[in-house]
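Trainee: Read off the chains here:
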Amino acid sequence: GAVVSQHPSRVICKSGTSVKIECRSLDFQATTMFWYRQFPKQSLMLMATSNEGSKATYEQGVEKDKFLINHASLTLSTLTVTSAHPEDSSFYICSASGWGSNTGELFFGEGSRLTVL
Amino acid sequence: AQKITQTQPGMFVQEKEAVTLDCTYDTSDPSYGLFWYKQPSSGEMIFLIYQGSYDQQNATEGRYSLNFQKARKSANLVISASQLGDSAMYFCAMREVYKAAGNKLTFGGGTRVLVKP
Numbered sequence: 001g002a003v004v005s006q007h008p009s010r011v012i013c014k015s016g017t018s019v020k021i022e023c024r025s026l027d028f029q030a031t032t033m034f035w036y037r038q039f040p041k042q043s044l045m046l047m048a049t050s051n052e053g054s055k056a057t058y059e060q061g062v063e064k065d066k067f068l069i070n071h072a073s074l075t076l077s078t079l080t081v082t083s084a085h086p087e088d089s090s091f092y093i094c095s096a097s098g099w100g101s102n103t104g105e106l107f108f109g110e111g112s113r114l115t116v117l
Numbered sequence: 001a002q003k004i005t006q007t008q009p010g011m012f013v014q015e016k017e018a019v020t021l022d023c024t025y026d027t028s029d030p031s032y033g034l035f036w037y038k039q040p041s042s043g044e045m046i047f048l049i050y051q052g053s054y055d056q057q058n059a060t061e062g063r064y065s066l067n068f069q070k071a072r073k074s075a076n077l078v079i080s081a082s083q084l085g086d087s088a089m090y091f092c093a094m095r096e097v098y099k100a101a102g103n104k105l106t107f108g109g110g111t112r113v114l115v116k117p
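For the record, the sequence lines run as chains Z and P.
Position 47, counted from 1, in the first sequence is what the working numbering calls 47; the numbers after and before it change by one each time, with no gaps.
Position 68, counted from 1, in the second sequence is what the working numbering calls 68; the numbers after and before it change by one each time, with no gaps.
Hint data in this document are derived by calculation from the structure and do not stem from the laboratory.
Possibly wrong hints are sitting among the right ones.
Said to hold, decoys possible - Cross-link-like lysine to aspartate or glutamate pairs, in silico, EDC-like; alpha carbons within 20 Å at most:
1. P:LYS104 - Z:GLU63
2. Z:LYS41 - P:GLU44
3. P:LYS104 - P:GLU44
4. P:LYS116 - P:ASP86
5. P:LYS104 - Z:GLU52
6. Z:LYS41 - P:ASP22
7. P:LYS104 - Z:GLU110
Unchecked claim - Covered stretches of chain Z (in silico footprint by chain P; criterion: 3 or more residues with CB under 8 Å from a CB of chain P, positions within the stretch not fixed):
8. 43-49
9. 85-95
Note that the structure is a prediction, hence the values are computed from the model and not measured.
Beta carbons: idealized from backbone N, C-alpha and C, even for Gly.
With the hints as extra help, turn the sequences into a complete structure.
Mentor: And the structure:
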């Protein structure tokens with residue numbers, strides 16, 4: 001199946017710094033990428049949808065200035081958590097969809113665990 | 001109103017026995033898809049099975065089968081012959097074709113399964 005890779009898998013940063021998480025589709029062209037956040041023992045909550053070459057669409061309640069999403073190519077989307085605070089500590093996971101899937105299956109990255117001290 | 005409801009927060013199952021995970025959904029979209037994902041402690045999301053709203057037969061994938069009851073708006077996952085490696089969180093998700101952009105998924109709250117030897 002298709003492969004989506006996220007990097008880094010774990011990151012620890014100081015409060016006030018910015019952190020960038022990358023999501024890459026390795027063997028297909030991802031026209032759309034989704035960013036989810038998952039707090040411990042909770043479900044995945046969609047943060048934003050990004051389409052290659054256009055601005056991301058954010059879900060209600062998600063601060064677009066805090067969570068910057070860039071989808072500059074068909075294989076790479078980035079999520080930057082700006083001025084991170086401890087409450088931003090969470091598991092961030094991306095998914096991608098592209099051409100050629102009958103079910104429109106989403107392929108998920110491995111996730112990135114962010115800890116803000 | 002919750003779009004995807006998983007009423008079982010956690011459950012135990014004896015190794016080699018079958019287990020049914022409940023999922024009910026709510027949508028007015030005539031075309032939708034239902035997914036089940038497994039999330040082990042590592043965090044990755046593993047696709048298990050898919051059911052389209054117009055599919056006449058219940059989906060099956062190896063030890064996984066989906067009991068799709070459209071009139072009741074339920075899409076229960078059945079895992080047969082449970083194995084220790086099946087211990088994980090299981091998420092039911094829905095994609096609404098007309099209402100959702102691209103392949104956006106809405107997730108249920110999840111069910112934690114623990115397989116006992």
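Trainee: Evaluate each hint against the coordinates.
Mentor: Tested hints:
1. P:LYS104 - Z:GLU63: holds (19 Å)
2. Z:LYS41 - P:GLU44: Given that 20 Å is the threshold and the Cα spacing comes to 14 Å, the pair holds.
3. P:LYS104 - P:GLU44: Given pair P:LYS104, P:GLU44 holds - Cα atoms ~18 Å apart, limit 20 Å.
4. P:LYS116 - P:ASP86: holds (10 Å)
5. P:LYS104 - Z:GLU52: holds (15 Å)
6. Z:LYS41 - P:ASP22: Holds, at roughly 18 Å.
7. P:LYS104 - Z:GLU110: holds (18 Å)
8. 43-49: holds (count 5)
9. 85-95: holds (count 3)
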